[in-house]
Structures are given as C-alpha cells and as structure tokens.
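Student: Residues per chain, in single letters:
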Amino acid sequence: MSLPLRLDYGFFLLMVAGIIIFTVAASPSSWYLYPPLLVLLGIVLHVTRTSKNRVFYIICSGQPLVIASAAMLVWAGLYIVWMLAGIVLATLGMLGSDRDWQSYTAFCGATLVIAAGIDASNHVLLPLVVIGGLTSLFAVVQTIREYQFRKRYTGANP
Amino acid sequence: MRLRRCAQGISLLVILLLVWALILDSMAILLAGSTLLFALAALALSFDSHFRRTVASVITKRTLERTMVRKGATVRVTTKIAVQVPAHMQVKIAENLPSGIVIQDGETETVFEAVPAAPPQRQERKVTYRVTPVVHGSMHVSGVSLTARDLFFENSIDLVSEPFGGPVLFVQPRGLFEPSSQRVTSETREIEKMSVLSGFGIRALREYYTGDDLRRIDWKLTAKHDKLFVREYSGVMSLPPLIIVDLPWRGGPHSAQDFDRMVAAVAGMAEYSVKMFQYVSVLLISGPNILQYMGEEKDLQRCMSMLREWMHPVERTVHFYRMSDRSDLRRQIRTLESRSEEARDPSTQKFHDSLKKQYLRSMQALQTPAFTAQLIRTLSPLMADECYVFSLFMADASHLRQVIRQAKAMKIRVHIRMPGTTGSSGGTDYQSRLGADTIEAFA
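In the order they appear, the protein sequences are chains Z and A.
So the first sequence is numbered by the working numbering: it starts at 23 and just counts up by one.
So the second sequence is numbered by the working numbering: it starts at 367 and just counts up by one.
Keep in mind that the hints were calculated from the coordinates and are not lab data.
Incorrect hints may appear among the rest.
Straight-line distance between alpha carbons at most 25 Å, and here's what the computed DSS-like set of lysine-lysine pairs gives [unchecked claim]:
#, chain 1, residue 1, chain 2, residue 2
1, A, LYS641, Z, LYS173
2, A, LYS716, A, LYS774
3, A, LYS723, A, LYS774
4, A, LYS427, Z, LYS173
5, A, LYS458, A, LYS437
6, A, LYS458, Z, LYS74
7, A, LYS593, A, LYS641
8, A, LYS446, A, LYS458
9, A, LYS664, A, LYS641
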C-alpha cells in the first residue's frame with residue numbers, strides 16, 4: 023500500500039476518533055447524524071480509490087459532516103475541516119515533504135483564525151461581507167500580479 | 367488562470383454554501399463555505415507560485431537547418447527545451463510559429479510530466495519538425511507557448527521575449543515562371559517519339575483503355591469475355607525505372623486507404639528496383655512543386671527512410687489549375703481551325719476566329735513554368751527507359767501532363783499508377799488525355 027493511501031485512511035480514522043470524542047463531550051441532540059455521514063465519507067473514500075476526480079467527491083461528501091459537526095460546536099467543525107484537508111492533501115500526494123507539512127500547518131492556523139472570527143460573530147452577514155471583501159481584494163491583487171508577470175515575458179517594455 | 371472542472375465544482379459548492387449560510391443565518395454552513403473558499407484560494411496561490419517558477423525555468427535553443435531558403439523549400443527546425451516541472455503539474459510547451467510557414471511533419475509541442483514522489487527536476491526535450499515557408503520575407507519564430515495545469519487550475523503564457531524567439535529565417539522569393547532570358551528546352555516541339563522496345567514475354571493482360579495500341583489487343587481473350595483486352599509486354603529493361611511520386615495536397619481531400627496503397631506500391635517498386643538494378647531514382651513532387659530528388663540511391667534503407675520522411679500529404683506553395691502549355695494551345699488552335707472550316711454559320715466562324723486569336727495571344731505571352739524547367743533539369747542527366755508515376759489523381763492533373771510530356775520528350779516510357787477507378791476521381795480516359803504509355807491501379 024502506498025504512503026498517500028495510508029495517510030488518507032489515517033486522517034479518516036483520526037476524524038472518526040475526533041467525532042466520537044466531541045460527541046461524548048458535547049452530547050448533542052443530533053448525535054445520530056454523525057455515523058451515517060461518516061459511513062458515507064468512508065464509502066466515498068473506498069469507492070473512488072481510482073477515480074480521477076476523487077478529491078471533488080471527498081470534498082462533497084465531507085461537507086455535510088463539517089456542517090453537522092460545526093452545528094454541534096464550531097471547533098468540532100474546524101477539526102473535521104483539518105482532517106478533511108489532510109485526506110485531500112494525502113490523496114493528492116501533497117504531504118510528502120516537510121515543506122508540505124508546513125503548508126498544511128499554515129492552512130490549519132489560518133482556518134483557526136477564520137473559525138475564531140465566526141465563533142465571535144453573532145450573525146452571518148458581517149463575516150460574509152468580510153469574506154467577500156477579502157476575496158475581491160485577492161482577485162484584484164492577483165490580476166495585477168498576473169499582468170506584471172505577463173508583461174515581463176511577452177516582450178513588452180518594463 | 368482558468369479553473370478546471372474540479373475547481374469549478376468546488377467554486378459552485380462554495381457559492382451554494384455561502385448563499386445557504388446567508389439565507390439560514392447558519393454559522394456552521396458559513397464555516398464550511400469559508401474554509402473551502404480559503405482552501406481554494408490557497409491552492410490558487412500555490413499553483414500561481416509554481417507556474418511562475420516554471421516559466422522562469424524555461425530555456426529554449428532553436429536551430430534551423432538553413433537560415434536562408436527559397437520559398438517552398440523545406441527546412442528542418444530543432445528546438446531544445448528545458449524546464450523544471452513542479453510536482454503534480456503537467457507542462458506543455460509548443461512552438462509559436464509565424465504565419466506564412468506551414469508544418470510539413472514532426473511535432474511542434476512537447477508535454478512534460480512531473481516525476482512522482484521526487485523533487486522538481488529540470489527536464490530536457492528536443493522537438494524536431496520540418497517547415498515550408500509559403501511566402502517570402504523574414505520569418506521570425508516568436509517564441510514558445512507554455513501551458514501548465516494541475517488538478518484544479520490551468521494557465522498559459524506566450525513567451526515571446528528575446529531569449530525564447532529566433533533565429534530569423536530569410537525566405538527568398540521564387541517565381542512561378544522561368545525568366546525569359548534563360549533558355550529552357552521545353553515542350554515546344556511536337557515530335558514523333560521513338561518508343562522503347564518491348565520484349566516478347568507477356569507481363570499482364572488487362573482491360574483496354576482508350577488510346578491503347580490496337581496491335582496489342584488479345585483477340586482470343588476479347589472474344590471469350592466479349593470485352594477488349596490488351597497484352598502488356600515485359601519491356602526490354604536494362605536501366606532502372608524512375609519513380610515519380612505525386613504526393614497529395616494537405617488542403618484537399620484524399621482517400622487514406624488509397625494513399626496507404628500508394629505508399630506500399632512505391633515502397634515495393636523501390637525495393638524491386640534496388641534488388642534488380644542495384645539502385646533506384648525517386649522524384650517526389652506535390653502538384654507543380656518538386657520536393658525531393660534521390661538519384662541513383664544504392665542503399666535501400668536510406669531510400670526507405672526518405673520515403674518514410676516524405677510519404678504524407680504535404681503543403682503546396684504553387685498550384686496549377688488547368689494549365690495549358692504551348693502544345694495544348696496549338697492543339698486547340700488546330701481544332702478550332704478545322705471546326706471553323708466545317709462551320710457554315712458565319713457567327714460560329716466568327717466565334718471560332720475570335721477564340722483562335724485569344725489562344726494565339728495567350729501563346730505569345732506564354733512562359734515556361736518554373737516547375738517544367740526544374741523537371742527538365744532533373745530528368746536531363748537521368749538514365750532511364752521507363753518511369754512510373756504514382757498519383758492519387760485527386761485534383762487537377764496539369765502538372766502530371768507536364769511530367770509525362772517532358773519524360774516522353776526524353777524518350778522515357780511513362781507508366782501511370784493510380785487508385786482503382788471505383789471510389790476515386792480517376793477515370794479510364796486519363797491515359798489518352800495525359801499521354802501515358804500504360805495506366806494501372808495500385809496492386
């Protein structure tokens with residue numbers, strides 16, 4: 023068995039363990055949702071082993087679990103996001119080097135900040151406006167960078 | 367940067383989650399949507415960074431076989447491309463060729479795949495292709511086009527700055543006609559040509575075509591089948607035949623099956639010639655364009671490799687369309703004269719006279735096509751009794767008339783090999799129209 027396959031199943035097992043711990047600790051009324059959603063993700067993981075678009079199927083089947091866990095506790099949802107990201111990166115073979123693990127850690131740190139912001143908010147609108155603004159800023163900066171980059175290689179005067 | 371199918375799906379999912387979060391005012395859905403959006407943005411940044419590094423690592427070195435050629439000549443171009451391919455990415459690099467150049471064969475692009483589970487390594491490839499300039503002037507290969515993709519994103523850039531372009535190919539013009547100052551012995555005289563002696567052995571029996579010698583009719587077979595059959599005698603051959611291959615134009619339709627048959631027939635004939643006569647001469651033309659001439663080649667492998675290199679539909683820089691030469695016009699004038707004498711109606715006579723004047727005027731202005739002159743220069747030093755012309759006959763056959771006429775002028779028997787009449791545009795009256803000695807379908 024190759025290393026990425028072991029890693030993705032490892033992350034899945036960690037996800038299962040995390041769900042059990044959070045469920046026991048928080049005793050949510052919607053506890054019955056987690057087993058079928060975990061089974062669904064497990065089936066998708068197993069069935070799409072050789073599929074070209076495996077990542078997309080994993081993300082789609084993982085999102086209901088993220089939402090259900092975040093409905094119980096935002097931090098539980100965040101934990102599921104981390105594990106799901108681990109599964110996806112392992113599937114893509116992007117957890118092979120120390121640098122890859124550093125990137126993964128950075129992603130976890132950044133999502134921790136996002137989760138903290140969401141946890142601190144009372145309503146969706148304000149964080150959504152912030153997300154929309156940041157996304158627009160990102161798009162603008164990327165467009166300018168792309169323009170400058172292309173200018174350099176397409177023979178235009180600097 | 368373009369989103370690929372997987373990223374498009376994730377983007378749609380993000381939008382749905384955020385809209386749903388807004389409608390339901392659900393923090394849980396917002397967390398799912400926002401983290402997914404952040405992940406997508408992080409992947410985009412990572413791809414962009416890898417893309418920039420890839421572009422910065424590209425090195426190209428292009429060499430031309432010749433830097434100064436005539437229009438219609440074929441030049442081999444070799445480009446060495448080196449690039450560092452990041453993990454999980456596929457990089458495609460293609461040559462940006464200027465307009466006015468057509469690719470005859472070869473590959474103008476190459477795909478680099480990342481080596482799995484290995485640090486990014488510099489990979490090097492060589493692309494080789496042959497081009498034919500169809501217009502004159504300076505041709506400058508502007509650079510390369512790079513396209514990189516991973517599972518989520520795709521981006522491409524035209525690298526046309528100085529390190530990626532060049533060298534310049536200078537293309538000299540080539541006239542359609544020979545300069546009048548240059549004397550070319552062409553088809554201006556119609557003479558009774560002495561035919562090559564035929565042997566006594568019968569090589570084959572075939573159906574009669576218009577223009578066949580009546581003395582060759584096999585009466586017994588004709589009576590048996592109630593159809594005219596002629597004998598084909600084996601020639602008294604002491605010299606190897608010249609093989610002329612008329613390659614189809616790339617822009618026109620042709621039957622791939624017929625073309626394959628023609629390739630096989632040409633290869634068989636070349637092999638036979640080398641085995642029987644120790645050498646073979648092959649002239650490759652495409653319409654009125656001489657592509658390659660291999661004279662008295664003794665090495666069968668070299669001959670085959672040349673055929674492998676050339677036997678495909680090619681681009682033509684010059685086209686003939688119902689191009690009449692002097693003898694055609696003379697024949698037309700003679701026909702008009704005889705019809706004019708026969709005609710009783712004054713208006714018909716007037717029409718014939720007027721047409722005759724036009725033909726005479728055309729004849730005065732007629733120049734020798736460059737193709738004819740090249741053909742004469744190629745055939746003159748050749749020692750051959752027979753020549754086999756292989757063609758698909760898919761379009762105008764003016765150039766073949768020129769070939770046959772020049773060969774006949776040099777007392778070379780011409781045998782045409784064409785696809786079977788079924789399903790092709792060829793016809794049984796080609797022989798009489800073209801003036802070939804025999805005409806047969808590919809074996």
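Student: Now look at each hint and say whether the structure bears it out.
Tutor: Tested hints:
| no. | hint | verdict |
| --- | --- | --- |
| 1 | A:LYS641 - Z:LYS173 | 61 Å, violated |
| 2 | A:LYS716 - A:LYS774 | 36 Å, violated |
| 3 | A:LYS723 - A:LYS774 | 29 Å, violated |
| 4 | A:LYS427 - Z:LYS173 | 22 Å, holds |
| 5 | A:LYS458 - A:LYS437 | 31 Å, violated |
| 6 | A:LYS458 - Z:LYS74 | 20 Å, holds |
| 7 | A:LYS593 - A:LYS641 | 37 Å, violated |
| 8 | A:LYS446 - A:LYS458 | 14 Å, holds |
| 9 | A:LYS664 - A:LYS641 | 9 Å, holds |
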